[in-house]
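Chemist: Residue numbers (this note's numbering), protein chains in the order written: chain G, 811 to 916; chain D, 811 to 916.
These aren't lab readings, by the way, just hints derived from the structure by calculation.
Remember, it's a predicted structure, so these values are computed and weren't measured experimentally.
Pairs involving identical chains hold if they fit within one copy or between any two copies, as the list cannot separate such chains.
Taking lysine-lysine pairs in the DSS-like style, the calculated list, with each CA pair at most 30 Å apart, reads:
hint : residue 1 : residue 2
1    : Lys895    : Lys831
2    : Lys915    : Lys815
3    : Lys890    : Lys906
4    : Lys895    : Lys815
5    : Lys880    : Lys890
6    : Lys901    : Lys877
7    : Lys877    : Lys895
Protein chains: 2
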Amino acid sequence: MNSKKLNLPYYAVIFSSVRTKIDDGYSEMAVRMEELARQQEGFLGFESAREELGISISYWRDLEAIKNWKNNLEHSLARKLGREKWYQSFKVRIAKIEYEYGFEKE
Amino acid sequence: MNSKKLNLPYYAVIFSSVRTKIDDGYSEMAVRMEELARQQEGFLGFESAREELGISISYWRDLEAIKNWKNNLEHSLARKLGREKWYQSFKVRIAKIEYEYGFEKE
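Just chain G, with the same shape it has in the complex (with noise of 0.2 Å):
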């Protein structure tokens, strides 16, 4: 993500978590629903870390393919159980990205 050079404004799904102490599955979930938002019409890039709080942020190309990965049906599903077992809070911010500049070292 971070030397792709994207049209703007384009969009973010910033999703800010503090997981529970129950693994079953969790990683492998993650795992998953990276590869498949990747799949997805618009997709344009993810990036992730966890400390105590994790903070993962998908980008798109507009608010349909927003709305579209939050309608898919795996994924609606990923969303349930990860309230169900994995998250002990979390909050979603949708956000529209109006600037952006890089840095890289030579």
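Position chain D against the provided structure of chain G, taking the given hints into account.
Modeler: This is chain D only, laid out in the frame that chain G set:
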């Protein structure tokens, strides 16, 4: 950040970075910058996590607050040191938060 209810829209600065192997004051500076950001007019919150990729997001009331923070002298110096020493690469995205929802387990 996860439990507060903020007036929409508000803004985010998404900072995605890969570190160099150089420490040399990095941790102290990271702590200082978060502390300094919290004192700025229009600051709403801060979230961060790092694995190989680091993601730090600061939230702001409006673009003017972001501009003032960017022009803060101590912050400008920190960014200069960041490019010289601490970051292999980074990307800054300015985003307008248009919609949000949260979940918290009972």
